[in-house]
Amino acid sequence: MAETVAYIARYAEVIAAPLWARTTVTSVRHSGDGYAVVTNQGEWRCRAVVIASGACNVANVPALAAAVPASVTAVTPLEYRNPDQLADGGVLVVGAAATGVQLADEIHRSGRPVTLAVGEHVRVPRRYRGRDIQWWMDASGVLDVRFDEADDLARARNLPSLQLAGYPDRRAVDLSALSSRGVRLVGRLAGIRDGRAQFSGSLRNHAALADLKMNRLLAAIDEWAARAGLDGAVSPPERFAPTAIATSPPLTLDLASGEIRTVVWATGFRPDYSWLDVPVLDRKGRIRHAGGVVESPGMYLMGAQFMRRRKSALIDGAGDDARELAAHLAAYLAGRHAEARARRDAPSGPGLRPAAATL
Amino acid sequence: MTAAAEKQIDNGVNVTALLGAREALTAAPEAAKFNWRATCKWVNGTHSRTSVKGFFGLGQEQSHKTEFSFDVDHPEIFASEDRGATPVELVLTGLAGCLTAGVAAIAQLRNIQLKSVKATLAGAMDIQGILGIDSDVRNGFEGISVKFDIDADASREEIEALVAQSQKRSAVFDIVTNPTNVSVSVN
Ligand SMILES: Cc1cc2nc3c(=O)[nH]c(=O)nc-3n(C[C@H](O)[C@H](O)[C@H](O)COP(=O)(O)OP(=O)(O)OC[C@H]3O[C@@H](n4cnc5c(N)ncnc54)[C@H](O)[C@@H]3O)c2cc1C
Chain B
0 MAETVAYIAR
10 YAEVIAAPLW
20 ARTTVTSVRH
30 SGDGYAVVTN
40 QGEWRCRAVV
50 IASGACNVAN
60 VPALAAAVPA
70 SVTAVTPLEY
80 RNPDQLADGG
90 VLVVGAAATG
100 VQLADEIHRS
110 GRPVTLAVGE
120 HVRVPRRYRG
130 RDIQWWMDAS
140 GVLDVRFDEA
150 DDLARARNLP
160 SLQLAGYPDR
170 RAVDLSALSS
180 RGVRLVGRLA
190 GIRDGRAQFS
200 GSLRNHAALA
210 DLKMNRLLAA
220 IDEWAARAGL
230 DGAVSPPERF
240 APTAIATSPP
250 LTLDLASGEI
260 RTVVWATGFR
270 PDYSWLDVPV
280 LDRKGRIRHA
290 GGVVESPGMY
300 LMGAQFMRRR
310 KSALIDGAGD
320 DARELAAHLA
330 AYLAGRHAEA
340 RARRDAPSGP
350 GLRPAAATL
Chain P
0 MTAAAEKQID
10 NGVNVTALLG
20 AREALTAAPE
30 AAKFNWRATC
40 KWVNGTHSRT
50 SVKGFFGLGQ
60 EQSHKTEFSF
70 DVDHPEIFAS
80 EDRGATPVEL
90 VLTGLAGCLT
100 AGVAAIAQLR
110 NIQLKSVKAT
120 LAGAMDIQGI
130 LGIDSDVRNG
140 FEGISVKFDI
150 DADASREEIE
160 ALVAQSQKRS
170 AVFDIVTNPT
180 NVSVSVN
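Those protein sequence lines, which keep their order, are chains B and P. Note that the first sequence covers residues 0 to 358 in numbering that gives the first Met the number 0. Note that the second sequence covers residues 0 to 186 in numbering that gives the first Met the number 0.
Please keep in mind that the hints were generated in silico from the structure rather than gathered at the bench. There could be a bad hint or two in this list.
[As the list claims (entries may be wrong)] SDA-like mimics (lysine to any residue), calculated; alpha carbons at most 25 Å apart, straight line: (1) B:K212 - P:Q112; (2) P:K167 - B:A337; (3) P:K167 - B:N157; (4) P:K167 - B:A207; (5) P:K167 - B:S247; (6) P:K146 - B:L280; (7) B:K212 - P:K32; (8) P:K32 - P:D9; (9) B:K212 - P:A104; (10) P:K167 - B:A97; (11) P:K167 - B:P249; (12) B:K212 - P:L108; (13) B:K212 - P:Q164; (14) B:K212 - P:S62; (15) P:K117 - P:S62; (16) B:K283 - P:N34; (17) P:K167 - B:A245; (18) P:K167 - B:R128; (19) P:K146 - B:A243; (20) B:K283 - P:K167; (21) B:K283 - P:L24; (22) B:K212 - P:N177; (23) B:K283 - P:D148; (24) B:K212 - P:E29; (25) B:K212 - P:A153; (26) P:K32 - B:G284; (27) P:K146 - B:F239; (28) P:K146 - B:P249; (29) P:K167 - B:P124; (30) B:K212 - P:A31; (31) P:K167 - B:P159; (32) B:K283 - P:A103; (33) B:K212 - P:D152; (34) B:K283 - P:D152.
[Stated by the list, open to error] Restraint-style ranges between C-beta atoms, simulated for each label pair: (35) P:D125 - B:D137: 52 to 62 Å; (36) B:H29 - P:W35: 40 to 50 Å; (37) B:G257 - P:A23: 45 to 55 Å; (38) P:T179 - B:A65: 13 to 23 Å.
Idealized CB from N, CA, C, for every residue including glycine.
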């Protein structure tokens with residue numbers, strides 16, 4: 000953690016761009032041939048805007064949360080800090096992506112019985128053939144697959160995060176590991192009726208889909224390893240036991256009985272664009288963009304899932320994306336500049352600001 | 000694409016039309032709103048006949064080429080005349096038809112030639128529930144098992160992936176695995 004903080008802090012030094020701390024952007028809108036940016040520190044004008052405000056500002060909570068009985072406390076991962084925060088007693092964790100499996104594991108270790116509701120998920124082993132899975136995905140180019148090469152980009156952009164945790168003991172947090180530790184697995188939370196949670200009967204298929212997907216990834220890694228001449232240098236290919244699912248996972252759970260004291264909504268995050276007053280959102284509230292180049296000229300996006308490549312929403316993905324988008328942005332500004340000169344435009348207004356504001 | 004794409008695969012599924020529809024409906028999601036209907040008339044005893052013909056979709060009324068009708072009854076051991084399948088067998092029929100159609104369509108999409116597909120379904124039920132003998136026993140299936148025998152030009156993994164994907168895309172699989180609000184009223 001300290002390493003990561005230092006690494007990012009060094010960026011600020013190296014880049015030495017003007018940095019405005021404690022500055023919240025409350026509105027961005029079209030203005031002339033650029034944008035007006037309203038902040039709590041005053042209003043700026045700029046010709047280009049990079050939206051780098053993060054992909055996980057708001058916790059997704061499904062509408063059925065309204066039907067949770069009042070006796071149960073609901074917590075989002077943004078509010079959660081540690082298990083001691085939670086009442087003693089049972090915890091229902093909804094969602095089995097990285098956040099859900101990590102919280103289920105941690106809360107279960109605190110002695111609170113955990114039920115984990117599992118929908119579509121992505122299973123990968125922490126270690127494979129003696130190396131970390133991230134090493135394999137990086138080295139084999141899986142993380143570098145570009146947005147214009149992806150089979151189904153819409154799907155790739157919606158894929159849940161990997162069931163992984165970065166514990167020092169490298170323990171697995173996949174479903175088999177969690178259930179062997181005593182976490183109870185149930186299907187996707189599909190409804191709540193009269194205080195009873197109803198879980199989908201699709202758990203087995205979701206687990207089968209994840210196992211198949213994992214095996215395809217491992218097969219692709221093995222193929223690459225053979226081509227790269229790594230066979231012999233690393234341990235031989237492995238395959239993992241299919242996810243263990245109980246014969247009849249429970250389909251309902253009485254949330255009003257007192258057994259469950261807390262529900263944790265580990266059902267994903269979404270960006271907050273409430274300050275964005277430029278019509279670039281689709282009907283689902285996502286920014287319309289082609290590899291980070293937003294529809295509105297001079298507007299760019301960073302840090303979105305599979306934005307330009309599979310690693311776009313990872314810390315390590317920002318560099319490559321930034322290089323390409325910065326080149327596009329610079330060309331845009333240069334073009335604008337030439338146009339502006341030709342039109343003998345007056346220089347930009349008072350209060351000199353960087354040409355591109357970065358949120 | 001590889002040799003697989005050049006191979007002539009024909010499972011009798013018009014994938015181009017399906018993909019075209021998907022694209023068109025992504026652009027015009029209103030047209031994706033369908034309404035399926037059935038009309039049931041009591042015949043006698045536990046025997047009834049349900050027919051389907053019209054439905055709504057793509058923004059307008061639609062119709063099957065002909066009216067299809069289904070006789071529903073119970074076997075003689077239920078003191079019925081056995082003039083049709085039981086309602087729960089028709090649920091299995093719906094699930095089987097939905098998953099099998101999905102297998103064919105997805106196989107076509109993935110360039111897999113099917114030679115034969117057979118699904119064997121079983122639904123376990125304790126009828127103490129419907130008879131009101133034990134209120135702890137549910138009326139419906141305790142569980143449903145679907146076993147596919149598939150002969151195709153594909154590896155076992157590819158076939159398993161077909162079957163998994165067909166569940167993911169299936170309407171009836173969703174209907175039987177997830178709760179649905181049902182409102183029944185009297186005119
Ligand atoms: C639970 C979780 C675990 C993760 N684990 C990993 C991991 O192990 N490895 C990895 O590589 N990546 C991981 N990631 C992804 C990683 O966090 C992101 O790639 C990275 O944070 C993206 O950086 P960013 O600068 O684009 O966005 P953020 O880090 O989200 O930063 C956005 C910034 O913009 C600010 N902001 C938002 N709105 C406004 C506004 N209106 N005005 C002013 N400022 C605003 C926010 O306050 C924030 O400081 C994880 C993400 C999550 C959610």
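Tested hints:
Pair hint K212 of chain B plus Q112 of chain P holds up; C-alpha atoms about 22 Å apart against a cutoff of 25 Å. Distance restraint check for K167 of chain P and A337 of chain B: the Cα-Cα separation of roughly 53 Å exceeds the 25 Å cut-off, and the hinted pair is therefore not satisfied. Taken as a hint, the K167 of chain P and N157 of chain B pair is honoured in the structure, with Cα atoms around 15 Å apart against an allowance of 25 Å. For the hint linking K167 of chain P to A207 of chain B, the alpha-carbon distance of about 11 Å falls within 25 Å, and the restraint holds.
As the CA atoms of K167 of chain P and S247 of chain B are separated by approximately 19 Å, the hinted pair is consistent with the 25 Å bound. Distance restraint check for K146 of chain P and L280 of chain B: the Cα-Cα separation of roughly 44 Å exceeds the 25 Å cut-off, and the hinted pair is therefore not satisfied. Simply put, K212 of chain B and K32 of chain P have alpha-carbon atoms about 31 Å apart, too far for the 25 Å limit, and the pair is violated. Annotation: proposed proximity of K32 of chain P to D9 of chain P is violated, straight-line Cα distance about 29 Å (limit 25 Å).
A hinted pair counts as satisfied when its Cα atoms are at most 25 Å apart, and K212 of chain B with A104 of chain P qualifies at roughly 20 Å. Between K167 of chain P and A97 of chain B, the direct Cα distance comes to roughly 22 Å. Compliance with the 25 Å bound is thereby established for this hinted pair. About 20 Å separates the Cα atoms of K167 of chain P and P249 of chain B, which keeps this hinted pair within 25 Å; it holds. At most 25 Å may separate the alpha-carbon atoms for a hinted pair to count; K212 of chain B and L108 of chain P meet this at roughly 18 Å.
This hinted pair checks out: K212 of chain B and Q164 of chain P have alpha carbons roughly 11 Å apart, not beyond 25 Å. Distance hint between K212 of chain B and S62 of chain P is unfulfilled; the C-alpha atoms sit about 39 Å from each other, more than 25 Å. For the hint pairing K117 of chain P with S62 of chain P, the CA-to-CA distance comes to about 29 Å; that exceeds 25 Å, so the pair is violated. Between K283 of chain B and N34 of chain P the CA atoms are separated by roughly 23 Å; this keeps the pair inside 25 Å, and the hint holds.
Straight-line distance between C-alpha atoms of K167 of chain P and A245 of chain B comes to about 20 Å, which keeps the hinted pair within the 25 Å bound. Of the pairs offered as hints, the one joining K167 of chain P and R128 of chain B is violated, with about 31 Å between alpha carbons and a cut-off of 25 Å exceeded. Of the pairs offered as hints, the one joining K146 of chain P and A243 of chain B holds, with about 19 Å between alpha carbons and a cut-off of 25 Å not exceeded. Taken as a hint, the K283 of chain B and K167 of chain P pair is honoured in the structure, with Cα atoms around 22 Å apart against an allowance of 25 Å.
Of the pairs offered as hints, the one joining K283 of chain B and L24 of chain P holds, with about 15 Å between alpha carbons and a cut-off of 25 Å not exceeded. At most 25 Å may separate the alpha-carbon atoms for a hinted pair to count; K212 of chain B and N177 of chain P meet this at roughly 24 Å. Restraint check for K283 of chain B and D148 of chain P: the C-alpha separation of about 40 Å exceeds 25 Å, so the hint is violated. As the CA atoms of K212 of chain B and E29 of chain P are separated by approximately 32 Å, the hinted pair breaks the 25 Å bound.
Of the supplied pair hints, the one linking K212 of chain B and A153 of chain P holds, its CA atoms being roughly 17 Å apart against a limit of 25 Å. A C-alpha spacing of about 21 Å is found between K32 of chain P and G284 of chain B, which places the hinted pair at or below 25 Å, so the restraint holds. For a cut-off of 25 Å, the pair hint linking K146 of chain P to F239 of chain B stands: about 23 Å separates their Cα positions. Taking the CA atoms of K146 of chain P and P249 of chain B, the gap is near 22 Å; set against the 25 Å cutoff, the hint holds.
Under the criterion of a C-alpha separation no larger than 25 Å, the hint pairing K167 of chain P with P124 of chain B is consistent with the structure, at around 23 Å. A hinted pair counts as satisfied when its Cα atoms are at most 25 Å apart, and K212 of chain B with A31 of chain P does not qualify at roughly 29 Å. Between K167 of chain P and P159 of chain B the alpha-carbon distance is near 16 Å, which keeps this suggested pair within the 25 Å criterion. With a CA separation close to 31 Å, the supplied pair K283 of chain B and A103 of chain P exceeds the 25 Å bound.
With a C-alpha separation of about 20 Å, the suggested pairing of K212 of chain B with D152 of chain P holds against the 25 Å cut-off. Restraint check for K283 of chain B and D152 of chain P: the C-alpha separation of about 40 Å exceeds 25 Å, so the hint is violated. Judged by the Cβ atoms, the range 52 to 62 Å given for D125 of chain P and D137 of chain B holds: they are separated by roughly 53 Å. Checking the proposed 40 to 50 Å range against H29 of chain B and W35 of chain P shows it holds: the Cβ atoms sit about 45 Å from each other.
The hinted window of 45 to 55 Å between G257 of chain B and A23 of chain P holds, with their beta carbons roughly 51 Å apart. Between T179 of chain P and A65 of chain B the beta carbon distance is about 19 Å. The supplied range of 13 to 23 Å therefore holds.
The structure fails to meet hints 2, 6, 7, 8, 14, 15, 18, 23, 24, 30, 32, 34 from the earlier list, while all remaining hints are met.
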